[in-house]
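Q: Single-letter residue listing:
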Amino acid sequence: MAFESIGDFIAMGGYGFYVWLSYGLTFLALIILVVNSVAKKNKILKNVAQRLSREQRIKKAQNMEGTL
Amino acid sequence: MFKVFIQVVSKELKGAFRRQSDILNPVWFFIIVVTLFPLGIGTDPILLARIAPGIIWVAALLAALLSFERLFKDDFIDGSLEQLMLMPHPLSWLVSAKVFAHWLLTGLPILFVSPLLAVFLAMEPTTYFALFLTLLIGTPILSLLGAIGVALTVGLRKGGILLSLIMLPLSIPILIFSTMAIDAAAYGQSYLGLLALLGAMLVTSITLAPFAIAASLRVSVS
Amino acid sequence: MWKWLHPYAKPERSYQLAGKLLPWFVVATIITFVVGLGWGLLFAPADYQQGDSFRIIYIHVPAAMMAMAAYSTMAIAAFIALVWQIRLAEMNIAAIAPVGAVFTFIALVTGAAWGKPMWGAWWVWDARLTSELILLFVYLGIIALYNAFSDKVLAGRAASILTLVGVINLPIIHYSVVWWNTLHQGATIMKLDKPSMAPEMLWPLIIMIVGFAAFLGAVSLLRFRNEILARESHRPWVSALVTDKLGGEK
Chain A
56 MAFESIGDFI AMGGYGFYVW LSYGLTFLAL IILVVNSVAK KNKILKNVAQ RLSREQRIKK
116 AQNMEGTL
Chain B
91 MFKVFIQVVS KELKGAFRRQ SDILNPVWFF IIVVTLFPLG IGTDPILLAR IAPGIIWVAA
151 LLAALLSFER LFKDDFIDGS LEQLMLMPHP LSWLVSAKVF AHWLLTGLPI LFVSPLLAVF
211 LAMEPTTYFA LFLTLLIGTP ILSLLGAIGV ALTVGLRKGG ILLSLIMLPL SIPILIFSTM
271 AIDAAAYGQS YLGLLALLGA MLVTSITLAP FAIAASLRVS VS
Chain C
764 MWKWLHPYAK PERSYQLAGK LLPWFVVATI ITFVVGLGWG LLFAPADYQQ GDSFRIIYIH
824 VPAAMMAMAA YSTMAIAAFI ALVWQIRLAE MNIAAIAPVG AVFTFIALVT GAAWGKPMWG
884 AWWVWDARLT SELILLFVYL GIIALYNAFS DKVLAGRAAS ILTLVGVINL PIIHYSVVWW
944 NTLHQGATIM KLDKPSMAPE MLWPLIIMIV GFAAFLGAVS LLRFRNEILA RESHRPWVSA
1004 LVTDKLGGEK
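Protein chains in written order, with the working numbering: chain A, 56 to 123; chain B, 91 to 312; chain C, 764 to 1013.
The hints are simulated quantities; they were obtained by calculation from the structure and are not laboratory data. There may be inaccurate statements among the hints.
Pairwise CB distance ranges, derived in the manner of DEER restraints [as the list claims (entries may be wrong)]:
hint, chain 1, residue 1, chain 2, residue 2, range
1, B, ILE251, A, ALA94, 22 to 32 Å
2, A, ALA94, C, VAL790, 49 to 59 Å
3, A, ASN91, C, GLY1010, 22 to 32 Å
4, A, VAL89, C, PRO808, 27 to 37 Å
5, C, PHE806, A, GLY71, 17 to 27 Å
6, A, ASP63, C, GLU963, 16 to 26 Å
7, B, MET91, C, TYR938, 58 to 68 Å
8, C, GLN812, B, TYR277, 33 to 43 Å
9, B, LEU194, C, PRO934, 45 to 55 Å
10, C, VAL797, B, ILE136, 17 to 27 Å
11, A, GLY62, C, ASP810, 15 to 25 Å
12, B, MET91, C, GLN848, 43 to 53 Å
13, C, PRO880, A, VAL90, 29 to 39 Å
Not the full set, but computed from the structure, chain C residues with beta-carbon under 7 Å of chain A [said to hold, decoys possible]:
hint, residue
14, ILE794
15, LEU805
16, VAL1005
Cβ coordinates follow ideal geometry from the N, Cα and C atoms, glycine included.
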């Protein structure tokens, strides 16, 4: 290991602020990107599902119209 | 082919002289922006002369950006852009004519006003010629690159802001090389190499940009 | 010779192919990140001159390299889209651009955080930083242009044109800034290149570069699938897909 203790690891030889700022912002950006991409996928699928169920309801209503 | 080029250019010029504010606004903007700097920064002639090339070129860039709105927008609104695209001549040739006319109306006035502004900013007389040359070669490149941006955004509602986002990264090399050339002239060094680079960029733009502009117009007007 | 490629011009086929590849890229990303960062942060020896701050290299360099790689991929896709009129290539551009932009942002931010202790300033107009900043603007321009069009077919074509115009301009920008910078700054050029690195420091870097490439691939594939679904949402295969999903969940 390059570090004697966890304290040393966090301190990063005095540069701790800069190193963890870099890693922190990086992971924040990457996580936001992934979350945004997955959320978009779910939204698209949900929209399609809603549209399909709406079409089904319209079809049902049209079929019933003939029977009333 | 040349006849239709001249026809498009003269139609643009005639139209512009009826709406003279379209020509004058960018030039006034150019003059006013440059004039603001001595008032805002301080009148020390050495400082002004040091930053003058940058100021004049950034102002020219912004004035060009301002002038692009009228390049295709009016024609887009009244449908004559579509008519231009339906003509039997190559669209790239026709847009070259439009961009050339645009440069005559905006780049050329900026070019002629520049010596006056050089005096305002206490530039050395040795640099006047360098400034003139860089503007002479650089403003057509700006017109060509800007036309690509305008062609891409002419159909969009908030195209103006997007245009600046697109155009500014493309204009940065011109800005850097031009100001380097003027600085070299101020130190008495040869700036022929830098002018040659700018010239190369101009030739590349003249040959390639019309195709990009035509392709972009076909996207925007459909 | 290229006939095997033709079916993939159909959105449905590409969607399925992307779906098959995605898990592999995700796994590759996780493994390379864990190994690379573990090695780089915990086991690599501290640098003689820069101490432990050099460890920022394990995200800075991969992000910067992959930002360029992403743009190159977009440029190739733009070329394919314009020459062969393949719409899927345009969807690819829309998928990759945000990832490239985020990588460029990471490169800039980590570069600044590394620069402050090393050079004493958060930002200098170093040729590389300036070129990277302009790359970010180019990315943002492409993303903004694509989002500005409501007709996504037109959006894709406009984005392709702008990507190609940008790619011609990027080497010009790089050289103009190098010459501008060396003229004014003189002899102090920072050497961030790797050839002079010890192997114990170099290997984690290579692993992280592969890791960032895998991440680029994974998120691009995910966003590519999103783009396909969004633009083909009226097709029967999408409806079938969604119904299957709903049936599977119930």
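Q: Are the hints correct? Go through all of them and say.
A: Quick rundown of the hints versus the structure:
{"no.": "1", "hint": "B:ILE251 to A:ALA94: 22 to 32 Å", "verdict": "holds, 27 Å"}
{"no.": "2", "hint": "A:ALA94 to C:VAL790: 49 to 59 Å", "verdict": "violated, 22 Å"}
{"no.": "3", "hint": "A:ASN91 to C:GLY1010: 22 to 32 Å", "verdict": "holds, 28 Å"}
{"no.": "4", "hint": "A:VAL89 to C:PRO808: 27 to 37 Å", "verdict": "holds, 32 Å"}
{"no.": "5", "hint": "C:PHE806 to A:GLY71: 17 to 27 Å", "verdict": "holds, 18 Å"}
{"no.": "6", "hint": "A:ASP63 to C:GLU963: 16 to 26 Å", "verdict": "holds, 18 Å"}
{"no.": "7", "hint": "B:MET91 to C:TYR938: 58 to 68 Å", "verdict": "violated, 35 Å"}
{"no.": "8", "hint": "C:GLN812 to B:TYR277: 33 to 43 Å", "verdict": "holds, 35 Å"}
{"no.": "9", "hint": "B:LEU194 to C:PRO934: 45 to 55 Å", "verdict": "violated, 31 Å"}
{"no.": "10", "hint": "C:VAL797 to B:ILE136: 17 to 27 Å", "verdict": "violated, 58 Å"}
{"no.": "11", "hint": "A:GLY62 to C:ASP810: 15 to 25 Å", "verdict": "holds, 20 Å"}
{"no.": "12", "hint": "B:MET91 to C:GLN848: 43 to 53 Å", "verdict": "violated, 28 Å"}
{"no.": "13", "hint": "C:PRO880 to A:VAL90: 29 to 39 Å", "verdict": "holds, 31 Å"}
{"no.": "14", "hint": "ILE794", "verdict": "violated, 16 Å"}
{"no.": "15", "hint": "LEU805", "verdict": "holds, 6 Å"}
{"no.": "16", "hint": "VAL1005", "verdict": "holds, 5 Å"}
Of the numbered hints given earlier, the model fails hints 2, 7, 9, 10, 12, 14; all others are met.
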